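Q: Residues per chain, in single letters:
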Amino acid sequence: MLHAFVWASESTESVPNPLIPAIYDIVWSIIPFAIVLFMFWKVILPNMQKTLDARAEKIEGGIALAESAQQEAAVALEKYNALLQEARAEAADIKEKARAEGALILAELKDQASDAAEAITAKAQQQIEAERLAAVQSLRSEVGQLALELAGRVIGEQVKDAKASSAVVDRYLADVEKNEKSK
Amino acid sequence: MNGLNSLVLSESITFHAPSITEFFPAAIFFEGTPFEMNRIMIIRMIMVILLVVIFWLGTRKMSLVPGRFQGAIEMGLDLVRVNIAEDLLGKKDGRRFLPILTTIFFLVLFLNITGIVPGFNIAGSSVIGIPLVLAVVSYFTFIYAGLKKHPGAFLKNSLFPSGVPKAFYIVVTPIELLSTFVLRPVTLTLRLLMNMIVGHLLLVLLFSATHFFVLGVGQWYGYVGGAGTLAFGIAFSLFEILVAVLQAYVFTLLTAVYLQLALAEEH
Numbered sequence: 002m003l004h005a006f007v008w009a010s011e012s013t014e015s016v017p018n019p020l021i022p023a024i025y026d027i028v029w030s031i032i033p034f035a036i037v038l039f040m041f042w043k044v045i046l047p048n049m050q051k052t053l054d055a056r057a058e059k060i061e062g063g064i065a066l067a068e069s070a071q072q073e074a075a076v077a078l079e080k081y082n083a084l085l086q087e088a089r090a091e092a093a094d095i096k097e098k099a100r101a102e103g104a105l106i107l108a109e110l111k112d113q114a115s116d117a118a119e120a121i122t123a124k125a126q127q128q129i130e131a132e133r134l135a136a137v138q139s140l141r142s143e144v145g146q147l148a149l150e151l152a153g154r155v156i157g158e159q160v161k162d163a164k165a166s167s168a169v170v171d172r173y174l175a176d177v178e179k180n181e182k183s184k
Numbered sequence: 393m394n395g396l397n398s399l400v401l402s403e404s405i406t407f408h409a410p411s412i413t414e415f416f417p418a419a420i421f422f423e424g425t426p427f428e429m430n431r432i433m434i435i436r437m438i439m440v441i442l443l444v445v446i447f448w449l450g451t452r453k454m455s456l457v458p459g460r461f462q463g464a465i466e467m468g469l470d471l472v473r474v475n476i477a478e479d480l481l482g483k484k485d486g487r488r489f490l491p492i493l494t495t496i497f498f499l500v501l502f503l504n505i506t507g508i509v510p511g512f513n514i515a516g517s518s519v520i521g522i523p524l525v526l527a528v529v530s531y532f533t534f535i536y537a538g539l540k541k542h543p544g545a546f547l548k549n550s551l552f553p554s555g556v557p558k559a560f561y562i563v564v565t566p567i568e569l570l571s572t573f574v575l576r577p578v579t580l581t582l583r584l585l586m587n588m589i590v591g592h593l594l595l596v597l598l599f600s601a602t603h604f605f606v607l608g609v610g611q612w613y614g615y616v617g618g619a620g621t622l623a624f625g626i627a628f629s630l631f632e633i634l635v636a637v638l639q640a641y642v643f644t645l646l647t648a649v650y651l652q653l654a655l656a657e658e659h
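Going line by line, the protein sequences match chains A and B.
When you read off a place in the first sequence, starting at 1, and then add 1, the result is the number in the numbering used here.
When you read off a place in the second sequence, starting at 1, and then add 392, the result is the number in the numbering used here.
FYI, nobody ran anything at the bench for these hints, they're computed from the structure.
Do not take every clue at face value.
Capping the alpha-carbon separation at 20 Å, the derived lysine to aspartate or glutamate pairs in EDC-like fashion look like this [unchecked claim]:
1. A:Lys-51 with B:Glu-657
2. B:Lys-483 with B:Glu-466
3. B:Lys-453 with A:Glu-58
4. B:Lys-453 with A:Glu-119
5. B:Lys-483 with B:Asp-470
A few chain A residues that face chain B, going by a derived Cβ cut-off under 7 Å, partial list only [unchecked claim]:
6. Met-40
7. Thr-52
8. Tyr-81
9. Leu-84
10. Tyr-173
Computed from a predicted structure; not experimentally measured.
The beta carbon of each residue, even a glycine, is placed where N, CA and C say it ideally should be.
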C-alpha cells in the first residue's frame with residue numbers, strides 16, 4: 002500500500018521505507034521526549050499544581066473567613082439578645098418597684114390625710130365644746146341678770162343684796178339643770 | 393503519473409509529484425553519526441525548545457488571577473489534566489500519570505502543527521521515530537501501571553477476561569493478546585504517522601499542482617485549475633490544523649484509556 006505513495010523521482014534510487022526507523026530518527030525522538038517530559042514533570046506541572054493549590058487554599062480560606070465571620074455575628078447577635086432580655090427584665094423590675102412604691106406612697110398619703118382630718122375634726126369638736134361652755138356661761142349670767150331684773154320689777158324694788166340674789170339664781174339654775182338631767 | 397512527471401513545458405517547469413523521499417531530506421549536521429540531523433530533526437528540536445520556553449514562561453511566575461498568557465497556558469494544561477487525565481483516571485491516578493500524558497499531548501501537537509507552519513512545511517511527527525517512541529512509552533506505561541496495581545493478576549485479567557466460559561479462552565486469549573499487547577502500540581504509531589504523511593503529501597500535491605498550473609500551463613484553463621487546487625490547498629491546510637490537534641488528542645486519550653483499562657479492578 003505504501004508503495005502507492007512512492008511515485009518518486011525518475012531516478013529510481015533506493016527509496017527508504019517510512020516504516021523502518023533510522024537510528025538518528027529514534028535518537029532525535031527520544032531526546033525531545035526526554036526534554037519535554039523532564040520539563041513538564043519537574044518544572045511546569047509542579048508550578049501549575051502549586052498555583053492550583055494556592056488558589057484552592059485561597060478559596061477555602063475565604064470560605065473559612067466567611068464562616069468565622071458568620072459565627073462571630075451569631076455570637077454578637079446572641080449577646081445582643083441576652084442584653085436586650087436583661088434590659089427588658091430590668092425595666093419590668095423597675096416598673097414593678099415603682100408601682101409598689103407608688104402604692105406605698107399613696108397609702109401613706111391616705112394615712113396622713115385621714116390623720117389630718119381626724120385632727121381637724123378633734124380640734125373642731127374641742128372648739129365647739131369650748132364655745133358651748135362659754136355660751137352656757139354667758140347664758141347663765143345673762144339669764145340670772147334677767148331673772149333678777151324681772152323679779153325686781155315684779156316686786157317693785159331693787160333687789161339690794163346682789164350677792165344673795167345671785168346665789169338664789171344659781172341655786173335655781175342648778176335645780177333646773179338637775180331636773181333636766183334627771184328627765 | 394509518470395506521464396505527468398515527465399511533462400516538460402516551454403518554460404521547463406515540470407510537475408513535481410510529492411514522494412516519500414520528502415521525509416528523508418539530506419543530512420545537515422553530524423552526517424553518518426547516530427546524531428545525524430536533517431531538516432525534520434532540526435524542526436523537531438526548534439519546536440521542543442519553543443514548547444519548553446512557552447510553558448516555562450507561562451508557569452514561571454504564576455499569579456492566582458491569571459493574565460491572558462497565563463490563562464491560555466492554563467487552559468492548555470487543563471485540557472489534558474481535567475478532560476483527559478482526571479476524567480478517565482480519576483484525581484489520584486490522573487495526577488500520577490499527568491506528566492506522561494501532558495508530554496505526549498503537547499509534543500505531538502507541537503510536532504504535528506509544523507506541517508502547516510510556513511517555512512517548516514512538514515510535520516516533525518511525519519517520520520516514524522516520534523510516533524514509535526511515544527507509542528512505546530504509552531505501551532510500557534500502561535503495562536507498568538497494570539503490573540504495579542495488580543501484580544500477577546494484570547496479565548491474567550488481560551488475557552483471560554473473567555466471565556468468559558473456559559472453552560472460549562482458546563479463541564479469546566489470542567485475540568486479547570494480539571489486540572492488547574501487539575496492536576495497541578502498532579495502531580498508535582501508524583495512526584499518527586500516516587495522518588501526518590498523508591497530510592503532507594496532500595498539501596504538497598495541491599500546492600505543486602497550483603505551481604504547475606499557473607506557471608507551467610498558463611492560459612485561462614491553467615489559471616482556473618490553479619485557482620481550484622490553491623483553494624483546496626488552503627482548505628486542506630486548515631483541515632490539517634484540525635488533524636494536528638485531533639491526532640494529539642487521540643494519541644493522549646488512547647494512552648489514558650489504556651491506562652484506565654490497566655488500572656481497572658475487573659476487565
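Q: With reference to the structure, classify each hint as holding or not holding.
A: Here is what the structure says about each hint:
1. A:Lys-51 with B:Glu-657: violated (31 Å)
2. B:Lys-483 with B:Glu-466: holds (17 Å)
3. B:Lys-453 with A:Glu-58: holds (18 Å)
4. B:Lys-453 with A:Glu-119: violated (103 Å)
5. B:Lys-483 with B:Asp-470: holds (13 Å)
6. Met-40: Check passed: Cβ of Met-40 (chain A) comes within 5 Å of chain B, closer than 7 Å.
7. Thr-52: holds (4 Å)
8. Tyr-81: Constraint on Tyr-81 (chain A) not satisfied, violated at 37 Å.
9. Leu-84: violated (42 Å)
10. Tyr-173: violated (134 Å)
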